[in-house]
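*Asks:* Chain by chain, the residues run as shown.
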Amino acid sequence: MEPTIKVNLVSKCYRLSEQRGYVNLKEVLTRKIHGLVGSSPATQKREDLWALKDVNFEIQKGELVGLIGYNGSGKSTLLRLLAQVTKPTTGKIAIRGRIGSLLQIGTGFHPELTGEENIYLSGSILGMSWKEVARKYDEIVAFSEVEKFLRVPVKHYSSGMYLRLAFSVAAHLDTDILLVDEALAVGDIGFRIKCLNKMRNTVRNGTTVLFVSHSMAMINELCSRCLLLQQGRLLDDDLPAKITTKYAQGIGMLSHLIFKRDALSETSPLSLTELRINEGRAITSQQAFRLEMQVEALRSLGELVLSFGFCTMEGTRLLTIETSWREKVVKIDSTGRKTFLLILPQLDLTPGFYLLDVLVKNQQGEILDARLSCTQIEVIFPVTQPNRAHDNQNSVLLRCEWEKLE
Amino acid sequence: MSMMSMTNPPVKVLTPSRTSGAELIVSLLEYRHLLTLLIWRDINVRYKQAVIGVLWVILQPVLMAFIFAFVFSRLIQVSSDGVPYLLFAYSGATLWGLFAQGVDKSSLSIISDEHLITQVYFPRWILPLAAIGSVFLDFCATMLVLMIIVLIYGLNLGWHLLLIVPAVAFVVVVTIAAGVASAFLCAKFRDFRFLLSFLLQLGQFLTPVFYTLSLFPKKYLWLAYLNPLAGPMELFRFGLTGISHFSLWGLGLSLLMDGLLALAAFKILYELEDDLIDNL
Numbered sequence: 001m002e003p004t005i006k007v008n009l010v011s012k013c014y015r016l017s018e019q020r021g022y023v024n025l026k027e028v029l030t031r032k033i034h035g036l037v038g039s040s041p042a043t044q045k046r047e048d049l050w051a052l053k054d055v056n057f058e059i060q061k062g063e064l065v066g067l068i069g070y071n072g073s074g075k076s077t078l079l080r081l082l083a084q085v086t087k088p089t090t091g092k093i094a095i096r097g098r099i100g101s102l103l104q105i106g107t108g109f110h111p112e113l114t115g116e117e118n119i120y121l122s123g124s125i126l127g128m129s130w131k132e133v134a135r136k137y138d139e140i141v142a143f144s145e146v147e148k149f150l151r152v153p154v155k156h157y158s159s160g161m162y163l164r165l166a167f168s169v170a171a172h173l174d175t176d177i178l179l180v181d182e183a184l185a186v187g188d189i190g191f192r193i194k195c196l197n198k199m200r201n202t203v204r205n206g207t208t209v210l211f212v213s214h215s216m217a218m219i220n221e222l223c224s225r226c227l228l229l230q231q232g233r234l235l236d237d238d239l240p241a242k243i244t245t246k247y248a249q250g251i252g253m254l255s256h257l258i259f260k261r262d263a264l265s266e267t268s269p270l271s272l273t274e275l276r277i278n279e280g281r282a283i284t285s286q287q288a289f290r291l292e293m294q295v296e297a298l299r300s301l302g303e304l305v306l307s308f309g310f311c312t313m314e315g316t317r318l319l320t321i322e323t324s325w326r327e328k329v330v331k332i333d334s335t336g337r338k339t340f341l342l343i344l345p346q347l348d349l350t351p352g353f354y355l356l357d358v359l360v361k362n363q364q365g366e367i368l369d370a371r372l373s374c375t376q377i378e379v380i381f382p383v384t385q386p387n388r389a390h391d392n393q394n395s396v397l398l399r400c401e402w403e404k405l406e
Numbered sequence: 407m408s409m410m411s412m413t414n415p416p417v418k419v420l421t422p423s424r425t426s427g428a429e430l431i432v433s434l435l436e437y438r439h440l441l442t443l444l445i446w447r448d449i450n451v452r453y454k455q456a457v458i459g460v461l462w463v464i465l466q467p468v469l470m471a472f473i474f475a476f477v478f479s480r481l482i483q484v485s486s487d488g489v490p491y492l493l494f495a496y497s498g499a500t501l502w503g504l505f506a507q508g509v510d511k512s513s514l515s516i517i518s519d520e521h522l523i524t525q526v527y528f529p530r531w532i533l534p535l536a537a538i539g540s541v542f543l544d545f546c547a548t549m550l551v552l553m554i555i556v557l558i559y560g561l562n563l564g565w566h567l568l569l570i571v572p573a574v575a576f577v578v579v580v581t582i583a584a585g586v587a588s589a590f591l592c593a594k595f596r597d598f599r600f601l602l603s604f605l606l607q608l609g610q611f612l613t614p615v616f617y618t619l620s621l622f623p624k625k626y627l628w629l630a631y632l633n634p635l636a637g638p639m640e641l642f643r644f645g646l647t648g649i650s651h652f653s654l655w656g657l658g659l660s661l662l663m664d665g666l667l668a669l670a671a672f673k674i675l676y677e678l679e680d681d682l683i684d685n686l
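Line by line, the protein sequences give chains A and B.
Residue numbers for the first sequence, in the numbering used here: 1 to 406.
Residue numbers for the second sequence, in the numbering used here: 407 to 686.
For the record, the hints were derived by calculation from the structure and aren't laboratory data.
Quick caveat: nothing in here was measured; it's all calculated off a predicted structure.
Check each hint, because a few of them may be wrong.
Chain A stretches covered by chain B per the calculated footprint, using a threshold of three residues with CB under 8 Å from any CB of chain B [stated by the list, open to error]: (1) 24-33; (2) 83-94; (3) 274-284; (4) 337-346.
All C-beta atoms, glycine included, are put in the ideal place defined by N, C-alpha and C.
Let the sequences and hints guide you as you build the complete structure.
*Replies:* Structure (structure tokens):
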């Protein structure tokens with residue numbers, strides 16, 4: 001049987017001078033005139049950036065394939081090529097069937113239109129016919145849980161309602177192939193699980209899915225196969241467990257991270273900008289630990305929930321630390337950048353390697369920005385303690401007392 | 407947008423080769439539903455933002471007609487081939503408005519829907535076409551007001567009214583050509599907008615919107631008809647009133663320019679379509 005997606009020696013090159021900023025007609029004309037007159041024009045040096053290089057793979061019908069890679073590895077470029085948004089520079093892609101691209105939440109949504117109108121608009125832009133949307137309308141509405149607000153313009157929706165409605169439309173897209181960016185699986189935890197289940201069902205019905213994610217837990221849970229991209233090349237193609245381990249080990253151990261806006265934070269009123277880990281010092285088990293997080297708010301948002309997650313290298317969350325669980329409340333009542341500091345008097349994790357998740361949520365528990373597995377941290381033995389052999393398990397240390405009875 | 411076929415879905419092959427002119431046209435036909443939908447969106451959004459909503463569609467041209475009536479019938483005396491000057495100027499402004507607003511709206515259409523075309527594929531020139539479509543519906547409302555003015559002046563209604571249809575059709579073609587070209591040029595060259603707004607202002611004076619070409623010296627008349635809007639403009643007025651100045655060869659010359667403009671616009675579309683996204 002022919003593969004559903006066949007990517008054959010595909011490369012994509014961007015010219016940096018053209019991509020950065022916009023071309024000015026004035027500059028182009030003056031350059032042309034300079035050229036005619038014969039004086040040496042200030043030629044702009046063009047730098048070629050190969051976002052993808054000689055990528056080869058096939059995906060069969062009904063597969064759910066994960067795609068991971070560090071920032072700038074070419075994931076988005078690959079999705080854009082498959083979505084037919086841009087053309088490859090070399091190579092050939094064959095796609096069998098209709099393709100639906102869910103690269104950002106709320107594609108086609110217009111703030112002035114009502115929820116109902118947006119269902120039709122977004123559905124059609126994503127590739128459904130008017131009739132198909134009409135047929136699935138009730139299902140979409142029920143899934144979104146915003147029945148009461150369908151006649152209200154979506155600009156009055158809370159961000160959670162907006163995300164739920166937007167995802168519901170996307171989730172009911174009935175194409176042969178779905179390209180999904182992880183930013184879609186958003187909202188509160190309950191809705192997240194609902195989204196993931198929906199995706200599983202889609203695959204059961206024979207849809208082929210290519211799923212981009214930073215969350216190794218999600219890849220491990222959902223996918224049957226995983227691709228790893230690095231600097232535009234397809235580094236590996238194997239079982240998710242193997243790839244995610246390899247990927248996690250490759251996540252650098254940075255003590256200072258600067259985040260660029262991504263698919264999720266682009267539509268969000270708040271984005272994570274920087275993260276500093278323990279002021280660059282070594283992280284020691286059962287010693288004090290500091291995390292400094294900087295966010296940029298586009299409007300005042302009221303109370304926020306800052307959340308850090310410590311995961312095993314397989315992506316399983318071991319420990320979550322959230323502001324709402326403590327009495328101290330974080331508030332954003334003006335725009336601009338704000339820095340928050342978390343101090344743990346004692347980091348109760350066993351020595352070993354962990355992946356760090358950083359999330360910011362609003363009071364309703366809706367995710368405003370999230371960076372999952374953004375860096376690896378190593379927790380080391382305290383020097384005062386002998387370097388005891390342990391069973392190499394990542395674990396949370398609980399204060400406890402042992403007693404011998406009798 | 408066909409229904410999903412269970413057995414043997416069609417294969418689409420994506421290669422580096424340039425999208426051909428035929429593919430550009432075929433893809434537009436395939437996505438015609440999206441065109442209707444985007445027109446609906448533009449209109450819906452525009453009149454939702456206006457406080458009085460749909461009433462605004464009619465009110466706007468009526469208000470304009472009153473202003474024209476005041477300014478032109480009382481303050482200015484210009485020859486208008488025996489047509490009441492209010493009707494003369496108002497009809498000119500209506501048709502010019504279709505062109506100017508169509509081009510203006512479509513020039514921004516790609517830029518303002520940038521987030522869409524970087525995520526989902528559809529033929530990008532649907533965006534300027536949709537912008538023109540929504541302007542055209544406004545134009546239809548203005549036409550109603552215009553017809554009422556014709557009735558008020560008691561002009562005879564005859565076969566010549568049918569000429570309005572081809573006249574408007576020619577202007578729509580010019581608008582599409584200029585609109586699509588400027589949408590792509592604006593997306594590629596961010597300073598093109600300034601040039602465009604200057605060109606539109608200039609065009610308003612070069613087109614017989616508020617004056618008649620019968621004022622022109624015969625020797626240089628052909629120059630005026632090089633403007634692809636000049637001939638259709640006269641045809642439109644003649645169609646409305648049955649009496650104004652109208653030259654058949656002038657119309658021919660304008661239509662020839664109209665065709666050349668359309669070809670040039672299609673060439674621009676063809677050249678810029680493929681690289682559009684990478685330049686955004």
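*Asks:* Now, for every hint given, state plainly whether the structure supports it.
*Replies:* Cross-check of the supplied hints:
1. 24-33: Since 4 is at least three, the answer is holds.
2. 83-94: holds (count 12)
3. 274-284: Since 0 is below three, the answer is violated.
4. 337-346: With 0 residues close enough to chain B, the hint is violated.
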